[in-house]
Amino acid sequence: MRFESLSKYFPSPRFLKPSHIGVSFSDSDIKAVFFDRTLRKPHLKNIVVPLEKGSIVSGSIVNVDDVTKKLSIIKSNFDLPFVFFTIPDELAYIFSVSIPVSAGLSATESVAFTIEENVPLILSDTVFDFISTEIVKAESEYKASFVVAACAKEEVEKFVKVIYASGLEPVGCIHESQAIANALTPRGLSEKLCVIHARENVIGIYLVKNNITHFSTLRFISGGDYEHQFLDEYEKFLEYCSKYNTNQEGPIKSVFVCGEFVYAKKTVEALFNFKNHKDHIDNIHLSNVWMNVLKIEKDTPNINYEDSLNLAGPVGAVLSDIV
Amino acid sequence: MNLLPNKEKEFLKKGLKLRFVIVALYLLTAFFVVGSIMLLPAYFLMKGQLSSIKLENYNTKTVDGGSIEEILNIPNEINAKLKFLQSNVGNLSTVDIFYKIINLVPEKVVLNSISFSRNQDYKEKTGIHILVSGLALDRGSLVSFSALLKDSNLFSLVDVPVSSLTKEKNLPFSMVLFIENQK
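Chains B and X, in that order, are what the protein sequence lines are.
For the first sequence, the numbering used here assigns the number 1 to the initial residue and increments by one for each residue that follows.
For the second sequence, the numbering used here assigns the number 324 to the initial residue and increments by one for each residue that follows.
Hint data in this document are derived by calculation from the structure and do not stem from the laboratory.
These numbers come from a predicted model, not from an experiment.
There may be inaccurate statements among the hints.
[To be verified] If you want the footprint, here are the derived chain B segments under chain X, 3+ residues with CB under 8 Å:
#, region
1, 152-158
2, 163-175
3, 250-264
Beta carbons are placed, not taken as given, at the ideal position from N, Cα and C, and that holds for glycine.
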């Protein structure tokens with residue numbers, strides 16, 4: 001933003017940049033978190049509302065009425081109407097592109113041309129946004145690298161519709177992997193990280209660099225050995241990372257694990273058992289979702305750790321900027 | 324990053340603009356309210372001073388009422404005095420009358436005195452009574468002097484006593500000139 005340096009000293013009034021509830025949707029429940037991110041020790045408020053089976057299937061809303069009803073419960077629990085919500089990983093596509101840029105050339109248009117090459121959707125049915133990660137001079141022109149997130153427009157509109165129907169007002173939407181990265185990775189950390197979002201039936205593994213999710217993969221767990229299935233996916237993830245490590249950025253330094261506590265613990269154990277692998281990473285953490293909210297060594301949050309581990313998505317949504 | 328559809332983003336921008344306008348209006352209102360509050364002490368001070376000045380003026384009026392009236396009456400007074408003077412003078416100054424008489428004196432007539440009195444009654448008339456006395460070398464000069472005075476049309480009456488004409492030469496005389504007051 002043009003006035004970033006000024007806004008540091010003259011922060012926008014809250015009315016211009018309203019506080020918002022962070023909401024994340026999964027197949028089993030809706031999680032909502034609210035705290036005032038301008039305070040050093042904010043009061044944390046959360047609610048997890050279970051959904052009827054089949055209301056959301058593979059991230060997509062099926063039972064509009066049930067989701068609206070459950071969102072109304074969330075509305076009645078919070079005093080403010082603004083919602084920043086996450087799109088489930090099942091619906092989001094994340095990819096990186098490098099495109100020539102020059103003065104007078106719209107980056108949005110250039111990125112739009114690459115959508116259909118990277119996403120199984122037609123451009124008119126897609127909503128997308130992007131973040132530039134690098135600009136390099138290649139011969140006579142400049143090339144910019146972007147991380148692009150895209151999603152089916154129809155799916156996002158379903159979420160927007162249920163949010164409005166429940167009396168809330170959407171102010172932003174972000175893919176869940178980015179929201180989790182916002183919550184778990186310390187601000188300004190430039191090293192490459194792996195973030196694992198472990199749940200009962202699905203595990204998300206994300207590659208995060210400079211607080212931006214560059215790549216994500218999902219593994220649906222269908223019975224059998226949880227650890228084995230996770231390690232299988234994790235190995236593929238590491239292979240991908242080493243294969244596409246074109247910028248010689250070095251290996252992944254740390255792994256942050258979040259999600260449902262039982263499965264997060266299983267995942268950490270599996271990672272320790274993985275130590276004989278050539279790509280083993282020593283620095284493995286069960287995450288602190290309040291990393292960018294409060295200093296946990298000084299202030300004890302009023303939500304217990306086991307529960308908070310599953311709130312990385314909504315916490316990251318609260319931490320996301322509207323503009 | 325914000326994956327909301329463009330339509331929703333437009334709503335967001337409109338909402339932001341609306342909030343900005345509202346915040347600006349609030350600030351403007353606050354500015355006026357604070358400004359008004361800051362002006363209040365000055366207002367009350369001025370009001371106090373104004374009331375004390377009014378009180379002072381009121382007191383001054385009662386003390387100096389007579390003198391103000393006197394001052395206001397000066398033009399009327401002057402007017403009355405001027406009227407009085409005009410009525411007395413009848414547009415003729417004493418110096419002018421003297422000047423005209425002296426102008427008409429022939430070579431062989433010498434004036435000894437001129438007596439001038441206003442508002443005198445003479446032969447049932449009121450006006451300026453002038454008594455001129457002197458010495459005429461011959462009778463003819465005295466007659467011509469009295470004739471010149473009559474012809475001047477300045478005097479309503481030129482009275483030369485016959486006794487003044489008894490001698491042939493070096494005859495002393497005293498004549499009455501009368502100018503009737505204008506009505």
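Verification of the hints:
Proximity of the region 152-158 of chain B to chain X, defined as three or more residues with a beta carbon under 8 Å from a beta carbon of that chain, is established by the 3 residues found. With a threshold of 8 Å between beta carbons, the proposed coverage of the region 163-175 of chain B by chain X holds, since 6 of its residues qualify and at least three are required. Proximity of the region 250-264 of chain B to chain X, defined as three or more residues with a beta carbon under 8 Å from a beta carbon of that chain, is not established by the 0 residues found.
The earlier numbered hint that this structure contradicts is number 3, and it is the only one.
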